[in-house]
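Novice: Following the hints, position chain W against chain A.
So the protein lines, in turn, are chains A and W.
Counting in the numbering used here, the first sequence runs from 3 upward without gaps.
Counting in the numbering used here, the second sequence runs from 130 upward without gaps.
Hints are computed from structural coordinates only; laboratory data are not their basis.
There may be inaccurate statements among the hints.
Claimed, not checked - Straight-line C-alpha distance at most 30 Å; calculated DSBU-like pairs for lysine-lysine: (1) A/82 / W/522; (2) W/522 / A/38; (3) W/679 / A/38.
Read off the chains here:
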Amino acid sequence: MQSMRNNWKWLTQLLLVALLVAVSVGAGDSSGRYDKLSHQIMCPCSCNELLGECNHVGCPDSDGMRTRLLSAIDRGDSTKTILLAFQDEYGPTALAAPRFTAFNHLAWIMPPLLAAIGILLVALIVRHWKQQPVVAAVKRTGYTKAELEAVRERIRRDIDD
Amino acid sequence: MPALGSFALLLALVLCGYTLVFGSFALWRIAGEPAGSVYTVKMERLAETARRAGIASFIAVSCAALVLVYCSFTNDFSVAYILHHSNRALPTAYKFSALWSGQEGSLLLWAWLLAAYGFVLRVRHKVDIRLSAYASTILAGIQVFFLLLLNFAAPPFALTTGAVPADGFGLNPLLQYPEMVIHPPMLYLGYVGFAVPFAFALGALMMRYPGEKWIHITRRWTMVTWLFLTCGIFLGAHWAYSVLGWGGYWGWDPVENASLMPWLTGTAFLHSVMMQEKRGMMKSWNVWLIFSTFFLCILGTLLTRSGLVSSVHAFAESSIGSWFWGFLILVMAVCLFTFIRNRDHLKSEHKLEALVSRESSFLFNNLLLLIACCTILIGTLFPVISEYVQGNKVTVGAAYYNVIAPPIGLALLFLTGVGPLLAWRSSSLRSIRRNFILPGVVTLMTAALLMVIGLRPWQDLSYLFSLISFSLGAGVAVAVGSEFLRGARVIQVQTGKNLFASVFQLTRRNTRRYGGYLVHFGVVVIFIGLAGSAFNRSHEQEMNFNDQMKIGPYTLICKDYTQDSNLNYDSEFALLDVYRNGKKVTQMAPEKRFYIASQTPSTMVANHSTLAWDLYVIYAGQNPDNGRPIIKVFLNPLVAWIWIGVLIVVWGTLLALTPNLTAAFSARRVSPAAAAGGFAATAAGD
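So here's chain A without its partners, still in its complex pose:
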């Protein structure tokens, strides 16, 4: 028992040291801003591709947009300013994800909200199951409970051996 505890202690210390080394080695890198922003803007040439991925020869829009994006980054514009400028010029579909209006924020809120509701529902279902008495017998024609149990037993064997 004592040796197991010692092993755990040793393992925890090792992980802690590894984590500290990893964190201390890390350094910030902001060079990917262009790459990041070009993947938040759509190419408006109806190719349905992100600005950073549009590869059409002679695309009427993407080259000019990339140049504008680069100069905005060089000027030090904030992300919001850059995205709003593109939205003003090319319309709301120029942004690759919904932003900036209360309704658009719904798209971001809905999934976690759904998750929260789902977890709540599961909790309620579990509670309901725990409180409800088991249905005593299966009221059906043709098959008896013993037959149903036999089928289930076979399936149980299939699954669990």
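Specialist: Below, chain W alone, put in the same frame as chain A:
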């Protein structure tokens, strides 16, 4: 020939109409009569004629499909569909794929596959005669809808107006790729296939079918269908990766999403039916899961056809969306009505005994799959809703899904490892400790190791997702491996065989269980491949003769660039020698084609794939000033793992579909007389 095709479709409609109307009438009458009475026997005969009409409809639809293929092969441009989707210079394999390259043809493919599934179901009706009759009638109802479309809204044999041109307009260049010969049929086999478990579920509910035997009957149908849909989705991803030339395999296009949604609910169904099979729980939930899966299949087809959302699949767009809306609403109403009428039949027979159990892991698995499905549905329909509410469309693309989807996916990956380690009913603390220590330690050690070697999760969200994905993947792989090892060791002790032979025997003893584990392992491998996308790199450069381009460990040298031409297309391509550590690895030839008949360009990607990364090269175009090629290169890590993972998933599913070794021996031991008696009893009991 077009007249024969039209006649075959009309005949198929009449035959399916007969199956639907007289099949329904016979089943309705039989339900109210005592078994064995003269009237019941009469009605059973009527039901039998309905079944045979259903079988005949398969022959009629097959005839129509064959006629369309024949018209394509013989360049019969008097048929408007062939004129618009084929041309004389089109290679033979693509003449065959012209069948599903447009609206009318793909609807005919739907109808033919549905007829084929119906044919198998009707021929194998002795599995359960009454339930099969219900399912057959429901399938006929679905088939009637598609045949109505084919006869009146989107006829594939409509004739060309005016003079018949000497050559056709050609096939969409994006579809002229080998995978396109197999991807749509696979996807359609998946979409259409879910109609069968749907029909069985609805039929079982209508007739208040006793017990869970219907699930046992449809298990193979559901798994085969799920397998087809899985293959279809990943073939589509591979096609997008190889043809669209943007360096990725999944663009969250609405039509891609439409295929993923029924896959998610279908996966949830495959898991939660186990709770019904084993414990008689979640009956209503399962019925609604399979209903929803079918609704989503129809919705997917609707999204492609109606132009409701903009997509790269817009080639199939038309005005028949309203037909699909009508059908979807009708099917939903029928399902809701049947459920309300018979919901008392779906009461659970057992309760959940502990929160830490296999049952609860299935509950959470279903919850996550449903959340994923709803999230994708919201994202797909949000532009339409936004236009309605705000007056303008917004884009919901990869920038949205790449933030929202990974946490859900990673939670699912976690459950993939945890679920199988939990026991049914309740897991003891001891078993949890025994099963979870090793995978848990491996997960933490992997995370620590990755950070030590330079993965910085705090620098970018995608790095964080990758770190979790790699670490959890390692933990889940260990969990799956230890399950195999634990069982194999028991067999090894019992039989004295070596470990590999023991693993083989273990797997054959319970194919469903270990096939499932293999599928889970395949999912892990896919996730590792997906996690690699966080480290994608790209570089674009104009290249003259002997110019060099460096990316990662590779050096590309342009040896030549030239043009070529044939009857089908003109092309420009570059020849690039690829070196690694000074040694020539391969030669690549990225290409840009211009298809003559359809007057459209297309990219032919050159890809050098290894386990570590893909060197993915596209011919982006020519500099108009000097004619030099512009080459774009991507270095995409771990992409091959995705395709390997899919192969493992396919292998696992096929394994789960094969009978157990002991069951096969038992079946062989049953005498022919006993087998005949059992067969008769099954038939008589129904």
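Novice: Against this structure, judge whether each hint is valid.
Specialist: So, going through the hints one by one against the coordinates:
no. : hint         : result
1   : A/82 / W/522 : 20 Å, holds
2   : W/522 / A/38 : 23 Å, holds
3   : W/679 / A/38 : 22 Å, holds
Hint compliance for this structure: no hint is broken.
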